[in-house]
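**Q** Sequence:
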Amino acid sequence: MHDFPTLQIGFNDVSVLRNVIRGYLAYSRRVSLPTQERQEQARLLEGIFQRLVAAPRGVMEVHIHLQLPEIHALNIAMLGFCAFVRQKVPASRDRDETLRDLEGFRQLLLAMLPG
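Just so you know, we're using the numbering used here here: the sequence shown kicks off at 27 and counts up by one.
Everything labelled a hint here was simulated from the structure, so no lab data went into it. Each hint should be verified, as a subset may be incorrect.
What the hints assert, rightly or not - So the derived label-pair ranges between C-beta atoms look like this:
no., residue 1, residue 2, range
1, H98, A52, 15 to 23 Å
2, R126, R48, 16 to 24 Å
3, G73, Q34, 12 to 20 Å
4, A80, R119, 30 to 38 Å
5, P82, M138, 20 to 28 Å
6, R119, Q65, 33 to 41 Å
7, A80, P31, 14 to 22 Å
8, G73, F110, 16 to 24 Å
9, R77, P116, 31 to 39 Å
10, P60, R119, 35 to 43 Å
11, A80, G49, 15 to 23 Å
12, E63, P31, 17 to 25 Å
Bear in mind the structure is a predicted one, so any value in this text is a computation, not a measurement. Note that CB positions come from ideal geometry on N, CA and C, so glycine has one too.
Using the sequences provided together with the hints, build the complete structure.
**A** Structure below.
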């Protein structure tokens, strides 16, 4: 039996995370050459996305088990998404608050990694 880290997120954050994954995948496919590493990362992110889509509706919190490579893929996706937003969205209080919230979430994700 494996003891996988469990990502616990509020139901509203599920849609945010789905949008981050979708946005990052679309962006990275446009600006990066398709290497084997990027294809594997995309496969991992698609798997996480599918689990988020399948999350039950109407619950307050969703639990998603993640393998270590999935945590790394999500980290890269969140960093890439935030960089894209900083580049394309004019600075504003809302943008900066959103990016701060995503960075806090990313730090929680990284805390799931073994020491």
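**Q** Now, for every hint given, state plainly whether the structure supports it.
**A** Going down the list of hints, with the structure as the test:
{"no.": "1", "hint": "H98 x A52: 15 to 23 Å", "result": "20 Å, holds"}
{"no.": "2", "hint": "R126 x R48: 16 to 24 Å", "result": "21 Å, holds"}
{"no.": "3", "hint": "G73 x Q34: 12 to 20 Å", "result": "18 Å, holds"}
{"no.": "4", "hint": "A80 x R119: 30 to 38 Å", "result": "34 Å, holds"}
{"no.": "5", "hint": "P82 x M138: 20 to 28 Å", "result": "22 Å, holds"}
{"no.": "6", "hint": "R119 x Q65: 33 to 41 Å", "result": "38 Å, holds"}
{"no.": "7", "hint": "A80 x P31: 14 to 22 Å", "result": "19 Å, holds"}
{"no.": "8", "hint": "G73 x F110: 16 to 24 Å", "result": "22 Å, holds"}
{"no.": "9", "hint": "R77 x P116: 31 to 39 Å", "result": "33 Å, holds"}
{"no.": "10", "hint": "P60 x R119: 35 to 43 Å", "result": "37 Å, holds"}
{"no.": "11", "hint": "A80 x G49: 15 to 23 Å", "result": "20 Å, holds"}
{"no.": "12", "hint": "E63 x P31: 17 to 25 Å", "result": "22 Å, holds"}
In this structure, every one of the numbered hints holds.
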